[in-house]
Amino acid sequence: MSAPTRHNEAWRYSDIAAVEAAWPLPAPERIIVPAGGTFARTIIQDSGLIHQLDIAIGKGATAAIHVLNIGGEYGRVELNVTLHEKADFTLGAVQIGGATQTLEVITTVTHAEPGATSSQIVRSVLAGTATGTYLGKVAVARDAQQTDSVQSVKAMLLDRSATANAKPELEIYADDVKCAHGCAIGELDAMGLFYLQARGITPAEAKKLMLQAFVAGVFEGAADEEALTEAALAKLGDLV
Amino acid sequence: MLQINNLHANVGDKPILKGLTLSLNAGEIHAIMGPNGAGKSTLGYVLSGRPGYEVTEGSVTFNGQDLLALEPHERAAAGLFLGFQYPVEIPGVSNVQFLREALNAQRKYRGEAPLTGGEFLKVAREQAGALGMDMDMLKRPVNVGFSGGEKKRNEMVQMGIIDPALAILDETDSGLDIDALRTVGDGINRIMRKPDKAVLLITHYQRLLDYVKPDFVHVLADGRITRTGGADLALELERDGYKELAA
Numbered sequence: 001m002s003a004p005t006r007h008n009e010a011w012r013y014s015d016i017a018a019v020e021a022a023w024p025l026p027a028p029e030r031i032i033v034p035a036g037g038t039f040a041r042t043i044i045q046d047s048g049l050i051h052q053l054d055i056a057i058g059k060g061a062t063a064a065i066h067v068l069n070i071g072g073e074y075g076r077v078e079l080n081v082t083l084h085e086k087a088d089f090t091l092g093a094v095q096i097g098g099a100t101q102t103l104e105v106i107t108t109v110t111h112a113e114p115g116a117t118s119s120q121i122v123r124s125v126l127a128g129t130a131t132g133t134y135l136g137k138v139a140v141a142r143d144a145q146q147t148d149s150v151q152s153v154k155a156m157l158l159d160r161s162a163t164a165n166a167k168p169e170l171e172i173y174a175d176d177v178k179c180a181h182g183c184a185i186g187e188l189d190a191m192g193l194f195y196l197q198a199r200g201i202t203p204a205e206a207k208k209l210m211l212q213a214f215v216a217g218v219f220e221g222a223a224d225e226e227a228l229t230e231a232a233l234a235k236l237g238d239l240v
Numbered sequence: 001m002l003q004i005n006n007l008h009a010n011v012g013d014k015p016i017l018k019g020l021t022l023s024l025n026a027g028e029i030h031a032i033m034g035p036n037g038a039g040k041s042t043l044g045y046v047l048s049g050r051p052g053y054e055v056t057e058g059s060v061t062f063n064g065q066d067l068l069a070l071e072p073h074e075r076a077a078a079g080l081f082l083g084f085q086y087p088v089e090i091p092g093v094s095n096v097q098f099l100r101e102a103l104n105a106q107r108k109y110r111g112e113a114p115l116t117g118g119e120f121l122k123v124a125r126e127q128a129g130a131l132g133m134d135m136d137m138l139k140r141p142v143n144v145g146f147s148g149g150e151k152k153r154n155e156m157v158q159m160g161i162i163d164p165a166l167a168i169l170d171e172t173d174s175g176l177d178i179d180a181l182r183t184v185g186d187g188i189n190r191i192m193r194k195p196d197k198a199v200l201l202i203t204h205y206q207r208l209l210d211y212v213k214p215d216f217v218h219v220l221a222d223g224r225i226t227r228t229g230g231a232d233l234a235l236e237l238e239r240d241g242y243k244e245l246a247a
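Note that the protein sequences, when read in sequence, are chains A and B. Read in our numbering, the first sequence has 6 at position 6, and its numbers run on one by one without any break. Read in our numbering, the second sequence has 39 at position 39, and its numbers run on one by one without any break.
Incorrect hints may have been included.
Said to hold, decoys possible - With a straight-line cut-off of 27 Å between C-alpha atoms, the simulated DSS-like cross-links for lysine-lysine are:
no.: 1; chain 1: B; residue 1: Lys-151; chain 2: A; residue 2: Lys-208
no.: 2; chain 1: A; residue 1: Lys-154; chain 2: B; residue 2: Lys-139
no.: 3; chain 1: A; residue 1: Lys-208; chain 2: B; residue 2: Lys-108
No lab work stands behind these hints, which were simulated from the structure alone.
Sequences and hints are given; from them, build the entire structure.
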């Protein structure tokens, strides 16, 4: 199979040259969480890699993935998740990019059976001419009643030259489901920044403080929450 | 302490301040009163360096320094405090974290050692207590979910913690009920009524001046000071309105 092009929706905003250089990709890592089991994984993408995970979550099982996507010219974390009856999936992802970086989080979450829940929170902070993308599809199968899924996607642009793409997408074949999705792209509040500076905080620290608040909570519940937060703050410090 | 000389300033392309001259000495409290749109809030923003408020002519000297050459955070570290008319909500950042960072940033700028967490909390507790604000509120995100009165009280707690040389208080009295007005007035007197400090009170109404007695009252109309007097001038304004006196 040849490398994807921009015509392929899942690679539309990718750094195609970097993808071609990495092609062919190894097979995605396959994770099967057995019925009633729990699984947790932290992915710190800090070297410009493509991570692909296929995760099947068995009946009543839970999986939590925390992602910090910050490094390299092109970094991609792609998750293909299938939920069985009453399974639960949580994603907390932060991507922070500057200069000419291209960072993406791509998810397909399939609610294959009834009563499963999924929650995806994605926060992107982008500076320079960086591009940050979230493409997230939630597919609900015909029999997957009482599905409850949430997608919360926010991006903060530090420079007008940066780009954020966000596409929460729903494909629902059941009729008794709750699928919430929200998406916002914005800039740091100028009045907030001035308020902090008027109290003596330097412009860089003021930005950092507000960005810290912007990404706060995404790593809640992660085993290495502190390390993730620290790495995120260090990267934010480089950008402001 | 503060010398404003022939200050002209634009907001966007619109001239708002048109030759304002004013001088404050240490130990003095000045009140600036005036009708809506006269440029009162603009003066506060220009002095504290808000982006978009452009000085086109004139000078401002603060303790011998060219104030206008400094960035907003440098002005704060130099001892200038602006009490906001509309204090800003900063979701996700706690009051305590914000104030500790602010105070230590100022101390660092002045070459002083930072306060430890314990030292800072002691100061914060004292100031919050004096203004009737409980510590739970100090732990909440900055101004988020605060009522108008609580936001103004929070400004005064911040002023107490930061302990500035010069406070410019922009309509700190608006949105306050009578009890809160007294608390805030007492706070201004306690924190700022000192021989080495000065206050510029920007207000519409005389009522705050019942608690904080000004040494001078100025009328600001159409971008300039049109009249200056003692505390009595505020009473006169309250009685006769701005139209009579500003002309």
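Here is what the structure says about each hint:
With a C-alpha separation of about 23 Å, the suggested pairing of Lys-151 (chain B) with Lys-208 (chain A) holds against the 27 Å cut-off. Of the supplied pair hints, the one linking Lys-154 (chain A) and Lys-139 (chain B) holds, its CA atoms being roughly 25 Å apart against a limit of 27 Å. A threshold of 27 Å between alpha carbons decides the hint, and for Lys-208 (chain A) with Lys-108 (chain B) the separation of about 18 Å falls inside it, so the pair holds.
In summary, this structure violates none of the numbered hints.
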